[in-house]
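S.K.: Please put together the full structure from these sequences, using the hints given.
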Amino acid sequence: MLTEHAFGEFYQRHARSLWTYVYRVTTDGADADDIVQEAFLRLFQTDVPADDETLRRYVFRIAGNLIADRWRRKARDERHAQEATADGSQPQAPDIDVARIFSELKPRERALLWLAYVEGGTHADIAESLRLARGSVKVLLSRARARLRDLLMTRGIERLKNGG
Amino acid sequence: MADSRTDLTGVEERVVAAFMDRLRTAPLSVSPRIPSADVLWLKSRLIRQWEAQRQVRRPLDLMEPLELAAGVMAAGLLLAWSVPSAFAWIPRLIF
Chain W
1 MLTEHAFGEF
11 YQRHARSLWT
21 YVYRVTTDGA
31 DADDIVQEAF
41 LRLFQTDVPA
51 DDETLRRYVF
61 RIAGNLIADR
71 WRRKARDERH
81 AQEATADGSQ
91 PQAPDIDVAR
101 IFSELKPRER
111 ALLWLAYVEG
121 GTHADIAESL
131 RLARGSVKVL
141 LSRARARLRD
151 LLMTRGIERL
161 KNGG
Chain G
1001 MADSRTDLTG
1011 VEERVVAAFM
1021 DRLRTAPLSV
1031 SPRIPSADVL
1041 WLKSRLIRQW
1051 EAQRQVRRPL
1061 DLMEPLELAA
1071 GVMAAGLLLA
1081 WSVPSAFAWI
1091 PRLIF
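From first to last, the protein sequence lines stand for chains W and G.
Under our numbering, the first residue of the first sequence carries the number 1, and numbering increases by one thereafter.
Under our numbering, the first residue of the second sequence carries the number 1001, and numbering increases by one thereafter.
Hints were generated in silico from the structure; no laboratory data involved.
Glycine residues also receive a C-beta, built at the ideal position from the N, C-alpha and C atoms.
Hints should not be assumed to be uniformly reliable.
[Unchecked claim] List of simulated lysine to any residue pairs, SDA-like, C-alpha gap at most 20 Å:
no., chain 1, residue 1, chain 2, residue 2
1, W, Lys74, W, Glu104
2, G, Lys1043, W, Gln12
3, G, Lys1043, W, Ala30
4, W, Lys74, W, Gln12
5, W, Lys74, W, Val98
6, W, Lys138, G, Lys1043
7, G, Lys1043, W, Ala6
8, G, Lys1043, W, Glu38
9, G, Lys1043, W, Lys74
10, W, Lys106, G, Asp1007
11, W, Lys106, G, Asp1021
12, W, Lys106, W, Leu141
13, G, Lys1043, W, Asp33
14, W, Lys138, G, Arg1005
15, G, Lys1043, W, Leu2
16, G, Lys1043, W, Phe10
17, W, Lys138, W, Leu105
18, G, Lys1043, W, Leu41
19, W, Lys106, G, Lys1043
20, W, Lys138, G, Glu1013
[What the hints assert, rightly or not] Covered stretches of chain G (chain W as the covering partner; in silico rule of three or more C-beta atoms under 8 Å from a C-beta of chain W):
no., stretch
21, 1008-1019
22, 1022-1029
23, 1032-1043
[Said to hold, decoys possible] Partial selection, computed: residues in chain W whose CB lies under 8 Å from chain G:
no., residue
24, Glu4
25, Gln37
26, Tyr58
27, Trp71
28, Tyr117
29, Leu148
30, Arg149
M.R.: Right, here's the structure in full:
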């Protein structure tokens, strides 16, 4: 079990990046707060003697599972959410362009892309985080990339090509 | 202008990677409202404590309905055993 000191340090190092991941996927600050808190609490309930990197992967996995649980629950209200999006309204206050475009992807697509590009997760890590079959990550990630490409083309953000 | 291809060209792949990099560094419109490490640690300790108490109480909680059932059954048997003799005493008390 982690000592209080080790826990404090681990929390300081990773809480913010975990929160950012959850927020980018859920697009809801309150959800992100809840999920991050729950993920860390669950991490401490389990006696996982492990190094920092393993614990980090583990807490991201817990958060991924919690996100998946939420989006399954929310799937029932999907129609309602789609209507809201069709109205042009966003779930949160207007964010900057990149975040707004990202929020147009489906939650799972957002999670896949974030874990792959920002967290640098392998297909195995992503599969574990999102409770997906390892074999389907590659396909789903390709689709998510293609969806993002389409969105970027539609929005005319090809200047990103030049890093502008 | 949606494209049905799921495979990306090299340029498209770079565009997506650049976008994700920009997203990574993009400022957030809201700030996290998560508790400090101290608070979370304390909460975690309390949950562990409650869980430990629940584990200790579990056998007692399981036994409670059984004890109740046994008590009711014993009372029923006692009543069944004592009623005939009670009835036998009633005439003696009257006469």
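S.K.: Each hint: holds or not?
M.R.: Results for each hint:
no., hint, result
1, Lys74(W) x Glu104(W), "holds (16 Å)"
2, Lys1043(G) x Gln12(W), "holds (17 Å)"
3, Lys1043(G) x Ala30(W), "holds (19 Å)"
4, Lys74(W) x Gln12(W), "violated (30 Å)"
5, Lys74(W) x Val98(W), "violated (24 Å)"
6, Lys138(W) x Lys1043(G), "violated (39 Å)"
7, Lys1043(G) x Ala6(W), "holds (16 Å)"
8, Lys1043(G) x Glu38(W), "holds (11 Å)"
9, Lys1043(G) x Lys74(W), "violated (28 Å)"
10, Lys106(W) x Asp1007(G), "holds (19 Å)"
11, Lys106(W) x Asp1021(G), "holds (19 Å)"
12, Lys106(W) x Leu141(W), "holds (12 Å)"
13, Lys1043(G) x Asp33(W), "holds (15 Å)"
14, Lys138(W) x Arg1005(G), "holds (15 Å)"
15, Lys1043(G) x Leu2(W), "holds (14 Å)"
16, Lys1043(G) x Phe10(W), "holds (16 Å)"
17, Lys138(W) x Leu105(W), "holds (17 Å)"
18, Lys1043(G) x Leu41(W), "holds (8 Å)"
19, Lys106(W) x Lys1043(G), "violated (33 Å)"
20, Lys138(W) x Glu1013(G), "holds (14 Å)"
21, 1008-1019, "holds (count 10)"
22, 1022-1029, "holds (count 7)"
23, 1032-1043, "holds (count 9)"
24, Glu4, "holds (5 Å)"
25, Gln37, "holds (6 Å)"
26, Tyr58, "violated (15 Å)"
27, Trp71, "violated (19 Å)"
28, Tyr117, "holds (4 Å)"
29, Leu148, "holds (5 Å)"
30, Arg149, "holds (5 Å)"
Checked against the numbered hints given earlier, this structure breaks hints 4, 5, 6, 9, 19, 26, 27; the rest are met.
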